[in-house]
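Student: Okay, here's what each chain looks like letter by letter:
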Amino acid sequence: EPEVTQTPSHQVTQMGQEVILRCVPISNHLYFYWYRQILGQKVEFLVSFYNNEISEKSEIFDDQFSVERPDGSNFTLKIRSTKLEDSAMYFCASINSSYEQYFGPGTRLTVT
Amino acid sequence: RKEVEQDPGPFNVPEGATVAFNCTYSNSASQSFFWYRQDCRKEPKLLMSVYSSGNEDGRFTAQLNRASQYISLLIRDSKLSDSATYLCVVNYGQNFVFGPGTRLSVLP
Chain A
1 EPEVTQTPSH QVTQMGQEVI LRCVPISNHL YFYWYRQILG QKVEFLVSFY NNEISEKSEI
61 FDDQFSVERP DGSNFTLKIR STKLEDSAMY FCASINSSYE QYFGPGTRLT VT
Chain B
1 RKEVEQDPGP FNVPEGATVA FNCTYSNSAS QSFFWYRQDC RKEPKLLMSV YSSGNEDGRF
61 TAQLNRASQY ISLLIRDSKL SDSATYLCVV NYGQNFVFGP GTRLSVLP
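In the order they appear, the protein sequences are chains A and B.
Read in order, the letters of the first sequence correspond to residues 1 to 112 in this note's numbering.
Read in order, the letters of the second sequence correspond to residues 1 to 108 in this note's numbering.
No lab work stands behind these hints: they were computed from the structure.
Remember, predicted model here, so these are calculated numbers, not experimental data.
Just so it is clear, CB atoms sit at the ideal spot from N, CA and C, and this is done for glycine as well.
There may be inaccurate statements among the hints.
Simulated restraints on C-beta separations [unchecked claim]:
hint, chain 1, residue 1, chain 2, residue 2, range
1, A, 81, B, 14, 48 to 56 Å
2, A, 38, B, 69, 21 to 29 Å
3, A, 84, B, 56, 41 to 49 Å
4, A, 83, B, 28, 35 to 43 Å
5, B, 12, A, 68, 39 to 47 Å
6, A, 64, B, 55, 34 to 42 Å
7, B, 58, A, 14, 43 to 51 Å
8, A, 84, B, 28, 22 to 30 Å
9, A, 69, B, 80, 34 to 42 Å
10, A, 30, B, 26, 22 to 30 Å
A short list of chain B residues far from chain A (calculated; beta carbon distances all over 10 Å) [what the hints assert, rightly or not]:
hint, residue
11, 9
12, 43
13, 45
14, 52
15, 59
16, 72
17, 76
18, 81
19, 82
20, 89
21, 91
22, 94
23, 104
24, 105
25, 106
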């Protein structure tokens, strides 16, 4: 059964550093999403991506964030200058035609 | 405002019990509805989509009431392995809004 994969599983970085989180969505899905979940809180939508461009983004997704799909398989989330409050689990998801989401295992980002 | 609310929980029930989760949503333009389960420190996993006519999958039954903007999930004959957080998710266009989740602990 196809699945969404994410790397790394855990990333530790210093405040102010750039990080890139990577995802390989399910190949025949067309919509891709990034979410974050701060420990003990709910899953929060960051951004959706369709046809090689952002289709919708939340208030959280400010100028420090960017996404791209450079090679038709990888889907990346970049945080330019990390802050302490960026520490969270970041989940990638891809969507089938019935709007059912399939999540990757997540990347735990720790900003120190 | 796009909000999804759920029973605060946690629910602690004995094995074999029937447990019901409730969810309400604020945006009447919502299009699709789902229940996900999330184990501790893991990704959400799709449990079932929720259809207007209601749907059942084994021990799990989901209901949708569009007029009341209310979704429910019923788990019958609960198992230890059902222990998880249950997330109500509502779709608006290309946006998905997650409820805060209700934690279930099934006790031996």
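Student: Now tell me if each hint is right for this structure.
Tutor: Cross-check of the supplied hints:
no. : hint                    : verdict
1   : A:81 / B:14: 48 to 56 Å : holds (50 Å)
2   : A:38 / B:69: 21 to 29 Å : holds (27 Å)
3   : A:84 / B:56: 41 to 49 Å : holds (45 Å)
4   : A:83 / B:28: 35 to 43 Å : holds (36 Å)
5   : B:12 / A:68: 39 to 47 Å : holds (45 Å)
6   : A:64 / B:55: 34 to 42 Å : holds (41 Å)
7   : B:58 / A:14: 43 to 51 Å : holds (48 Å)
8   : A:84 / B:28: 22 to 30 Å : violated (38 Å)
9   : A:69 / B:80: 34 to 42 Å : holds (41 Å)
10  : A:30 / B:26: 22 to 30 Å : holds (28 Å)
11  : 9                       : holds (13 Å)
12  : 43                      : violated (4 Å)
13  : 45                      : violated (7 Å)
14  : 52                      : holds (14 Å)
15  : 59                      : holds (20 Å)
16  : 72                      : holds (19 Å)
17  : 76                      : holds (23 Å)
18  : 81                      : holds (19 Å)
19  : 82                      : holds (19 Å)
20  : 89                      : violated (8 Å)
21  : 91                      : violated (5 Å)
22  : 94                      : violated (5 Å)
23  : 104                     : holds (16 Å)
24  : 105                     : holds (16 Å)
25  : 106                     : holds (21 Å)
The structure shown violates the earlier hints numbered 8, 12, 13, 20, 21 and 22.
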